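Q: Order-wise, the sequence lines are chains A and B.
Start counting the first sequence at 1; every next residue gets the next number (this note's numbering).
Start counting the second sequence at 1; every next residue gets the next number (this note's numbering).
Read the hints as simulated data drawn from the structure, not as lab findings.
Mixed in with the good hints, there may be bad ones.
Derived CB-CB ranges, DEER-like [said to hold, decoys possible]:
1. F184/A with T451/B: 37 to 47 Å
2. P43/A with I444/B: 55 to 65 Å
3. T293/B with Y114/A: 45 to 55 Å
4. I276/B with F184/A: 33 to 43 Å
5. F184/A with G183/B: 29 to 39 Å
List time: in silico BS3-like cross-link candidates among lysine-lysine, alpha-carbon distance up to 30 Å [said to hold, decoys possible]:
6. K93/B with K192/A
7. K476/B with K400/B
8. K192/A with K96/B
9. K98/B with K199/A
All figures in this text were calculated on a predicted structure; none of them were measured in a lab.
Yeah, the Cβ is synthetic: ideal placement off N, Cα and C, and Gly gets one too.
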Amino acid sequence: MENVLSILFCLTLLYLVITSRLKTYVSILRAQGVLLSAIMIFPFMRHLSVHILIIPLMSLIVKAIVIPRFINKIIIDLDVKRIVEPSIQPFNFLLLSVASMSTIFVAAHVLSGYTPIEPIPFASAFSAIVTGILLIIFRKKLIVHVVGFLILENGIFLFGTSVAAEMPTIVELGSLLDVFVVVFLMGIAINKISSTFAKQDVTVLGRLKD
Amino acid sequence: MTILSVLIVLPLISIGVCYFIHIRKTQYIISLLVAIAHLVCSYLVFSGLFIPAENDFFRFDALSRLFLIILSHVYFWVVLVSYSYLNRPLIVKEEKSKKLYFTMLNVYLFANTLALISNHLGVFWVASETTTLSVAPLIYYYRDEESLEAMWKYLFLVSVGIAFAFIGFVFLALSAGGTVLEGQQLLVTSFTQYATQLNPIWLKASFIFVFVGLSTKIGIAPMHPGDIDATSNAPSPAAALMSGSLRGTALLGVLRVYQIMVPTATADFARTIMIIGGIFSLFVAFVFMFKVTNYKRMIAYSSVEHLGLITLGIGTGGIAFVGAMLHTVFNSLTKVVLFLNAGNIHRAYRSREVNSVWNVLQAMPWTGWFFLFGFFAIIAMPPFGIFFSELMIFQGLLTKPFLLGAVLFFLFFIFVGMSKTVFHMLYTAPPDGDTLVITEKFEITHFVSLTLLILLVVLGLCIPSQLYSLVVQISKDFGILL
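Next comes chain A alone, as it looks inside the complex:
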């Protein structure tokens, strides 16, 4: 089941690559939040307890409800143009990300031969990290950069669950809080940038250099 959910997670990434509407980005973030929580709950389906449910529930609230809402609010408040202007052709972007995803899946399959990893969640997580970075590189809008960062964070979250790195509950909660505050601060910064500069994309941020 985890594998099925991970594959779904990967499909959201592909959708993310071809879409150019900001609204879709937010829906994808929501979907990923739900998928991540589901992936976290599944191994414990047989013996659920309040203690186990805390983290998935919190991540559901933060990743699927609070953060997407906040990003939606920024888009509406700032009246950001709803279409993203990519700096490369969408088809080339798709090609690039499919190529990197397949490389990652093959590499994960090879690696699973001699280390105890689950290839599909591992590869999905890594694909999300790469897609997040590609999104940051090839898109100009700052709000899309924030989405890219969140996709990267989602990937890392999935990564952490897929290799079962033991983290105490308080650390997991702390990391969720950190992600939320980062996004919150970035939101404030975008707000300020839009009131200071004419546009909200990276081209306005070129004053500091030597």
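Chain A is already provided as a structure; the job is to place chain B on it using the hints.
A: The following block gives chain B in isolation, referenced to the frame of chain A:
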């Protein structure tokens, strides 16, 4: 337990108090009291007079104790000058930033202490991300376009960098597959204990990710730009804090992973990576020292240079490692002097451009002389401490003559580039002939500069036995026998 509560709980309480009380003087007094209490406790822990009980999550080994005393020291001086700094008339927009200033300082102290004494890499990760969040509003203090850009870049780059470091920590967990540590918590102590059983490939991958990720925060080239923008646009006390202690905290994360690798065959790999990072940072500092036109950016590049030297020293090992540890202490203190006086110059000339600053020695003699002595200290002029620590690093590098040659070449030209800028600011008469006239009094920043410069000379000439034995203990923990 008492020490732990002073170190962590007291700043936490102070965050709440500073947030809800809007009287600046009260905020200042509370923050200062917390800083003093923190300094006293760190000193007790540092000198070994009181070693708190360790548990799974917190530990007070020699490395933590050294970085803790650096943090406490830098933080104390920064808080001490903050009140007079906030009371300077500069621009109207700042007023809003001043409300949050002390709250953020306390958040910084809390998170940074937590990161330094944590034994759990997950705790370290969360805490070091929190330090980034605490300095971001401080960078935006002046509320102008530059500081906005600097804050955005710093927040974004460092957050992505720290995310990478997290991947590194997960790889570390993967490396434990098939050993007794599988599925266990990411504790540095237990990983060090069973280090030889860990999978070397994952261990190497882990180090690369942690090093590259945390480089954004340490300021190791080529990941340094966010750091440069942030330190040069932040208000001087915050810049001193970032250069003096935040970079060290990130370095501690790299050192922790390296510590795990030391007993294994992968240690050489880690050392090579650190040497490459260090030498590349020196190269970048060398190139940009001739290009910069902004004196705060110049000091920020000097941080890149010195953190590069420290990484190089750690990578070289032996006596260079000892030198690198001492260098962390001296570099932190010197950066406080430089940034505080650069702040004074900025206040008087209202510009960070080198070409708008003339004749500082005549216009503001106190600041000018302290800036000059700070410059002497940072370029490793004897009898300041950095001279002795750099000498140790060079001594360690003697076995690698080509590397030593390159390092000396870069350092010499960094010295030339930096002195060109500094002497231009201090001595050149303005083209139109009218020198700025300022009646400068001996202020608290000058007192702090004087104290720190004296401390640097004293520490350099007769290094306290406590400090030296602590550094020797750290070297032993890293498998270096002197």
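Q: All hints, please: hold or fail.
A: Going through the hints against the structure:
no.	hint	in the structure
1	F184/A with T451/B: 37 to 47 Å	holds, 39 Å
2	P43/A with I444/B: 55 to 65 Å	holds, 58 Å
3	T293/B with Y114/A: 45 to 55 Å	holds, 54 Å
4	I276/B with F184/A: 33 to 43 Å	holds, 37 Å
5	F184/A with G183/B: 29 to 39 Å	holds, 34 Å
6	K93/B with K192/A	holds, 13 Å
7	K476/B with K400/B	holds, 22 Å
8	K192/A with K96/B	holds, 14 Å
9	K98/B with K199/A	holds, 28 Å
Hint violations for this structure: none, all hints satisfied.
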